[in-house]
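Using the working numbering, read the sequence shown as starting at 18 and increasing by one per residue.
By construction, these hints were calculated from the structure, which means they are not laboratory data.
A few of these clues could be false.
What the hints assert, rightly or not - Derived CB-CB ranges, DEER-like:
{"#": "1", "residue 1": "PHE26", "residue 2": "PRO79", "range": "28 to 36 Å"}
{"#": "2", "residue 1": "HIS90", "residue 2": "PRO68", "range": "36 to 44 Å"}
{"#": "3", "residue 1": "ASP35", "residue 2": "THR72", "range": "31 to 39 Å"}
{"#": "4", "residue 1": "PRO68", "residue 2": "GLU111", "range": "38 to 46 Å"}
{"#": "5", "residue 1": "GLU89", "residue 2": "ILE63", "range": "23 to 31 Å"}
{"#": "6", "residue 1": "ASP35", "residue 2": "ARG121", "range": "30 to 38 Å"}
{"#": "7", "residue 1": "SER45", "residue 2": "PHE103", "range": "19 to 27 Å"}
{"#": "8", "residue 1": "GLU52", "residue 2": "PHE92", "range": "20 to 28 Å"}
{"#": "9", "residue 1": "ARG29", "residue 2": "GLN134", "range": "34 to 42 Å"}
Glycine included, C-beta positions come from ideal geometry on N, C-alpha and C.
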Amino acid sequence: ILGGSPGIFSARWAGGRDNIANRQLLLSQLSDVAEEHRAAAFVCTIALVGPDGETSFTGIWPGRVATEEHGEHGFGYDPVFIPEGFEVTAAELEPEVKNSMSHRALALEQLASYLNQIAE
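Make a model of the complete structure from these sequences and hints.
As structure tokens, then:
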């Protein structure tokens with residue numbers, strides 16, 4: 018529906034670095050889109066580069082875009098992102114909960130596991 022937008026330029030999607038404008042643009046772009054077609058995901062890829070080459074680790078946090086903003090925690094798109102398995106936005110989750118399941122946490126878990134393996 019959005020052709021991959023906002024993509025890697027999500028912080029500047031609406032022009033400048035304005036989280037509110039970004040969320041408003043997203044909600045307006047999806048205003049006529051039914052809930053079952055509002056799938057979204059946060060994606061984080063961490064690259065580890067060393068003398069032996071490079072390895073990457075990708076965390077994907079699936080969910081959907083809400084129809085309106087909710088919540089006070091977090092930043093960016095958190096007030097309009099409902100994680101899979103929840104009925105509240107990421108901004109409504111306690112920070113400890115969100116941070117334990119986010120795309121960044123998932124990618125970091127993979128990196129930590131890899132580092133533990135090569136350290137053995």
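Hint-by-hint comparison with the structure:
The given range of 28 to 36 Å is broken by PHE26 and PRO79, whose C-beta atoms sit roughly 21 Å from each other. Separated by about 41 Å at the C-beta atoms, HIS90 and PRO68 satisfy the suggested range of 36 to 44 Å. For the pair ASP35 and THR72, the beta carbons lie near 35 Å from each other, so the given range of 31 to 39 Å is met. Distance hint check: the CB atoms of PRO68 and GLU111 are about 41 Å apart, consistent with the given range 38 to 46 Å.
As the Cβ distance of GLU89 to ILE63 is approximately 28 Å, the hint placing it in 23 to 31 Å holds. The given range of 30 to 38 Å is broken by ASP35 and ARG121, whose C-beta atoms sit roughly 22 Å from each other. Against the hinted window of 19 to 27 Å, the Cβ-Cβ separation of SER45 and PHE103 comes to about 24 Å, which satisfies the hint. At about 24 Å, the beta-carbon gap between GLU52 and PHE92 stays in the expected band of 20 to 28 Å.
A hinted range of 34 to 42 Å for the beta carbons of ARG29 and GLN134 is consistent with their spacing of about 37 Å.
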